[in-house]
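Novice: Here the protein sequences come in this chain order: G and P. The first sequence begins at 43 in our numbering and counts up one residue at a time. The second sequence begins at 81 in our numbering and counts up one residue at a time.
No lab work stands behind these hints, which were simulated from the structure alone. Check each hint, because a few of them may be wrong.
Below, computed lysine-lysine pairings styled on DSS-like, alpha-carbon distance capped at 27 Å [unchecked claim]:
(1) G:LYS304 <-> P:LYS85
(2) P:LYS85 <-> G:LYS314
(3) G:LYS294 <-> G:LYS196
(4) G:LYS391 <-> G:LYS402
(5) G:LYS294 <-> P:LYS104
(6) G:LYS294 <-> P:LYS139
(7) G:LYS134 <-> G:LYS304
(8) G:LYS305 <-> P:LYS139
(9) G:LYS242 <-> G:LYS305
(10) G:LYS242 <-> P:LYS85
(11) P:LYS104 <-> G:LYS304
(12) G:LYS425 <-> G:LYS368
(13) P:LYS104 <-> G:LYS220
(14) G:LYS468 <-> G:LYS425
(15) G:LYS305 <-> P:LYS85
(16) P:LYS104 <-> G:LYS196
(17) G:LYS244 <-> P:LYS85
(18) G:LYS407 <-> G:LYS346
(19) G:LYS134 <-> G:LYS242
(20) G:LYS477 <-> G:LYS435
(21) G:LYS477 <-> G:LYS425
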Amino acid sequence: MNDDAFDCIIVGGGIAGLSAAMTCARKGLKFLLVERGSFNGAKNVSGGVLWGTRLNDLVPNYWEDDAGYERFVAHRRLTFLDGQSAFSVDFKSAHFHERPYTGLIVLRARFDAWLASKVEEAIAESPWPEDSLLAPDTLVTDLVVENGVVVGIKVGEEEFRARAVILAEGVNNLLTRKAGLQTGYVAADHMATGVKEVIKFKPGVVEERFQLAEGTGLTNEFVGFASGGVEGGGFLYTNRDSLSIGLVLNMKSMRENLGADKKIYDVLSDFKTHPAVRDMIAGGEVIEYSAHVVSTGDMRVMPKELYADGLLLAGECANLLLNSGKAIQGMDYAMESGILAAETVAQAKEAGDFSRNTLKLYREKLEASYVMKDLRRFQGAVKFLHNEAMFTKVPAVVNEFGRSFFTVTNEPTEKVPTLLRRAVDKHASLWEMIKIGIQGGRAL
Amino acid sequence: MSRTKISERLGLVRYRNQGRHDAKPHITVDTAICDSGCPHQCTTYVCPANCYTLNEEGKLRFQFEDCIECGTCLYACDQGAVTWNYPDPETGRGVEWTFG
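Assemble the whole structure, with the sequences as input and the hints as a guide.
Specialist: Spelled out as structure tokens, the structure:
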């Protein structure tokens, strides 16, 4: 291998790629990160919340910086919707104010660009300040493979060589497929599309409307009316002076339930008309509309392996994402896997062996981490959320009960067990609800 | 309340090479497959940028100019009609998010 080869080439400047890059810089590796957008974050969309505290390891005390996040999560809400009502489980706690924060609301074009600026700083302090690079506007067209070993990337006619390549190309994983790690058609049943709007308000409105103290933010997920009969749910997150509002909709269910008179973006329009949602977004101006495919966390669509000779997969190109119903975890999995992939490359350099014999350590590290442990543990939850009743009958029953319980009239009143029974009988059967209760209990 | 038009939503999206009329398509669709045997033609209602439409004769038409590279059609089409690539930064089109 010639001397101008990199220790590592990273494909994709999202959170997985940038986390790998930061780790490479800290470990003294000479690396190249290529990003097809004109800046890091230019092509990235998320809901989105970055869960967990790992960012503090990459950028210690990041909150002292003008960090690229919007707000930290201090208030969480899960809302069941029928056509008229909203029944919420709501949790707000001063514990969430402790640092490092456990959830950050982000807008990716801002956040990723900020994280990239931190990587640039790390490069400047690394042994390779002139040689390690973040290269935007660069589309990788293929991998360079020699004798079954990945030794670099192709950018049009040009070749760049490295001892290892980390793919962090995102869920639309064309190179992962070319490398033969994910073959065949990826079933629409295990994939979803997120559609989203960013709605801007005058300064101060978001804090006042959502009762947010300095820097704190609200995450609100919705099931029921939100997804208009399609499997999936809605979300609303508070940014600095805007809201992110959107839906995540299962692709197979969209195929079966939408049509010419109700297209994907119409579901978003309808969601915004719900009385409870309408009040939250009133007076705002839509400033961006976006969409992106998102994995659901079903492990059946994961690539058959996460490494090959000279190659590692990090982030959502490996379908490392989990929607357990508790939270959608994708960006934290990207961060964790990006760090572990780069650590493995550093170990491979020390061992002088970039074959799968060393790179398999990546698999071991990931299996030992919370990423694979949770993915395995919550497969039941992923399947549970597939249950049609979860986005139809359950929210209907919950709101039927809410209406009867919270409405006070001048008639004699029934006690809770009777009200519950009536609500169940109107929209489902008792047995069905018991079954869902048991399944849900097991899944979570 | 009437639904927001998709043209209004896409009007908020920033594209690369927006002024360029000879931009190279990054996605190609074999519409003969869509028109002959597809049982759902779901791209016409699951594409968030409405790039897939039916013309007056009921034939499927695709345009890449409004594409926001979300990847939905890459997964939603189970008939093998969609060839999906990323746009070339120089000669292609594609999206550039302000917020993301």
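Novice: Okay, which hints does this one fail, numbers in order?
Specialist: 3, 5, 7, 11
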